[in-house]
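S.K.: Chains A and B supply the protein sequences, listed in that same order. Using our numbering, the letters of the first sequence map in sequence onto residues 1 to 221. Using our numbering, the letters of the second sequence map in sequence onto residues 1 to 221.
Hint data in this document are derived by calculation from the structure and do not stem from the laboratory. Worth double-checking, as some hints may not be accurate.
In this list, chains with the same sequence are indistinguishable; a pair is considered to hold if it fits within one copy or across any two.
[Said to hold, decoys possible] SDA-like, lysine to any residue: derived pairs with alpha carbons at most 25 Å apart:
| no. | residue 1 | residue 2 |
| --- | --- | --- |
| 1 | K153 | Q45 |
| 2 | K135 | L191 |
| 3 | K150 | D174 |
| 4 | K13 | E58 |
| 5 | K153 | V208 |
| 6 | K150 | A176 |
| 7 | K150 | I197 |
| 8 | K153 | G43 |
| 9 | K135 | T192 |
| 10 | K135 | T168 |
| 11 | K158 | G79 |
| 12 | K44 | S8 |
| 13 | K13 | I25 |
| 14 | K6 | E24 |
| 15 | K172 | I35 |
| 16 | K122 | K172 |
| 17 | K44 | Y115 |
| 18 | K172 | G112 |
| 19 | K135 | D174 |
| 20 | K17 | K78 |
| 21 | K44 | P144 |
| 22 | K44 | Y21 |
| 23 | K158 | G43 |
| 24 | K158 | G19 |
| 25 | K44 | E161 |
| 26 | K44 | V12 |
| 27 | K44 | N74 |
| 28 | K44 | Q75 |
| 29 | K172 | E140 |
| 30 | K78 | I42 |
Read off the chains here:
2 protein chains.
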Amino acid sequence: MNNYPKSSRNTVKRSPKRGHYDREIVHQILDAGYICHVGFTIGKQPYVIPNAYGFGRESDTIYLHGAVGNRMLNQLEKGLPVCVTVTHTDGIVLARSAMHHSFNYRSVVLFGTAYLVPEEDKEQALFIITDQILKGRWSEVRPPNAQELKATKVLAMKIEEASAKIRTGPPKDDEADYELPVWAGVLPLQLTAGEAIPDPVMNQSLSVPASVNRIRVQNTI
Amino acid sequence: MNNYPKSSRNTVKRSPKRGHYDREIVHQILDAGYICHVGFTIGKQPYVIPNAYGFGRESDTIYLHGAVGNRMLNQLEKGLPVCVTVTHTDGIVLARSAMHHSFNYRSVVLFGTAYLVPEEDKEQALFIITDQILKGRWSEVRPPNAQELKATKVLAMKIEEASAKIRTGPPKDDEADYELPVWAGVLPLQLTAGEAIPDPVMNQSLSVPASVNRIRVQNTI
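Only chain A is shown next, with the shape it has when bound in the complex (with noise of 0.2 Å):
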């Protein structure tokens, strides 16, 4: 089955038709994701922390890295239930009347539980993670180490119940605005990549590796 199961805690019920629950949509949105939002509750607190050393997926599978004694990684270890959330914010939805502003964006939010990466999986899973910062870059890099491998706790996240929700397209108006003399549209956001700054203390002759150039070349408008 090509979709994610509906549950009352994944089901889109604002605005349904834009929630999507196929697996091929929800991956897309999650792949084109840099950093993830990462909920958890302690006691009845929310934290809602993002995960800024990157994240990858593999199939239904979700992994986040830190250091061990990251203390995010330390509460997910135990077992709690987790709330994954990507976001891309892709316009500014301008209508006619102030209540009809809105985003165009994609979103995810995976459910799941989180649980520690065994020791001869972690490579792998750090080869993932890397991947999705910038594919083909592990290749040009130093690999980890036993020592580095030690002191890195990765962790893995099954994905159980899933849900998309996308936006797209102009302003939706009340019927009576649309003769109104207002400018509406949509501006059109996009997480675009400038010109790569070398390391000022890097050897100067090196040259911008393959990785990078072509997520430039991706990412301009």
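The hints should help you fit chain B onto chain A, whose structure is shown.
M.R.: Below, chain B without anything else, positioned relative to chain A:
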């Protein structure tokens, strides 16, 4: 006092030098955001939902809005603890080793409890939200009418505690790795506005308004 109070809830433990509690820094990062991620817990299940209708800030208060039937707002209104997070992805940090790859980013994590904005303050809150979506837009469009105000729920959350986390600059590599013949540096990322797309059904003689022109100039790399 210009700092938010520190507790175990909002103190940045990992890379504490990247943590900030200054109101001005927190507000700057918040105000640069379009969509926030709202975290709340039902039972033991955390939810992280992108607020795709925008949000606004005034002083230490965050405003969210949605339809009266909106599930998330109905939950928050009960007075649950809430965590609101805004993250800007500013660049991919390309190190000489796989493990030192990271992102440059600015994020804020806010803690508080939401409450219903009374009828008489709704319109001002909606102005604040619209002004954060696009400065100056409010005066270009039809303001909310009585029916719309009635159908809209606006929640406020006073920021009780907050922290910002910021990473900037080149990669930090292991001393021995600086000798490696690996290109290292930063690939800057920026949310960039493209050409405004007029609503196809609009009278095409209307010109792009000041609010839109302002942001396009600001956001161009």
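S.K.: Next step is simple, just say for each hint if it's right about the structure.
M.R.: Hints, verified against the model:
Within a single copy, K153 and Q45 get their C-alpha atoms as close as 24 Å, and across copies as close as 24 Å, so both meet the 25 Å cut-off. Taking identical chains as interchangeable, the C-alpha atoms of K135 and L191 lie at most 25 Å apart whether they share a chain (17 Å) or sit on different chains (21 Å). Proximity of K150 and D174 under a CA criterion of 25 Å is satisfied inter-copy only: 16 Å between copies versus 59 Å inside one chain copy. Taking CA atoms no more than 25 Å apart as the test, K13 paired with E58 passes in neither setting, with 28 Å inside one copy and 30 Å between copies.
Proximity of K153 to V208 under the C-alpha cut-off of 25 Å is found in neither arrangement, the shortest distances being 30 Å within a copy and 51 Å between copies. For the homomeric pair K150 and A176, the shortest alpha-carbon distance between copies (19 Å) is at most 25 Å, but the shortest distance inside one copy (64 Å) is not. With identical chains, the CA atoms of K150 and I197 are never at most 25 Å apart, being 31 Å at best within one copy and 51 Å at best between copies. For the homomeric pair K153 and G43, the shortest alpha-carbon distance inside one copy (23 Å) is at most 25 Å, but the shortest distance between copies (28 Å) is not.
In this assembly of identical chains, the alpha carbons of K135 and T192 lie at most 25 Å apart whether taken from the same copy (16 Å) or from different copies (22 Å). For the homomeric pair K135 and T168, the shortest alpha-carbon distance between copies (22 Å) is at most 25 Å, but the shortest distance inside one copy (27 Å) is not. Proximity of K158 to G79 under the C-alpha cut-off of 25 Å is restricted to the intra-copy arrangement: shortest distance 12 Å within a copy versus 31 Å between copies. Taking the shortest Cα distances, K44 and S8 sit within 25 Å of each other both inside one copy (20 Å) and across copies (14 Å).
For the homomeric pair K13 and I25, the shortest alpha-carbon distance inside one copy (18 Å) is at most 25 Å, but the shortest distance between copies (36 Å) is not. Taking identical chains as interchangeable, the C-alpha atoms of K6 and E24 lie at most 25 Å apart only when both belong to the same chain, with a minimum of 16 Å there against 42 Å between chains. In this assembly of identical chains, the alpha carbons of K172 and I35 lie at most 25 Å apart only when taken from different copies (20 Å versus 30 Å within one copy). Within a single copy, K122 and K172 get their C-alpha atoms only as close as 48 Å, which misses the 25 Å cut-off; across copies the closest is 22 Å, which meets it.
Within a single copy, K44 and Y115 get their C-alpha atoms as close as 21 Å, and across copies as close as 17 Å, so both meet the 25 Å cut-off. For a Cα distance limit of 25 Å, the shortest separation of K172 from G112 qualifies neither inside one copy, at 35 Å, nor across copies, at 33 Å. For a Cα distance limit of 25 Å, the shortest separation of K135 from D174 across copies, 23 Å, qualifies, whereas the shortest one inside one copy, 45 Å, does not. In this homomeric assembly, K17 and K78 never come within 25 Å of each other (Cα to Cα): the closest approach is 36 Å inside a single copy and 28 Å across copies.
When the C-alpha separation of K44 and P144 is checked against a cutoff of 25 Å, the pair qualifies neither within a copy, at 37 Å, nor between copies, at 36 Å. Proximity of K44 and Y21 under a CA criterion of 25 Å is satisfied inter-copy only: 23 Å between copies versus 29 Å inside one chain copy. Taking the shortest alpha-carbon separations for K158 and G43, both the intra-copy value of 23 Å and the inter-copy value of 21 Å come in at or below 25 Å. Only within a single protomer do K158 and G19 lie at most 25 Å apart by alpha-carbon distance; the minimum there is 21 Å, versus 31 Å between protomers.
When the C-alpha separation of K44 and E161 is checked against a cutoff of 25 Å, the pair qualifies both within a copy, at 22 Å, and between copies, at 16 Å. For a Cα distance limit of 25 Å, the shortest separation of K44 from V12 qualifies both inside one copy, at 24 Å, and across copies, at 20 Å. Taking the shortest Cα distances, K44 and N74 sit within 25 Å of each other both inside one copy (17 Å) and across copies (17 Å). For the identical chains of this complex, K44 and Q75 are neighbours both inside a copy (14 Å) and across copies (14 Å), given an alpha-carbon limit of 25 Å.
For the homomeric pair K172 and E140, the shortest alpha-carbon distance between copies (17 Å) is at most 25 Å, but the shortest distance inside one copy (47 Å) is not. For the identical chains of this complex, K78 and I42 are neighbours both inside a copy (11 Å) and across copies (19 Å), given an alpha-carbon limit of 25 Å.
Checked against the numbered hints listed earlier, the structure breaks hints 4, 5, 7, 18, 20, 21; every other hint is satisfied.
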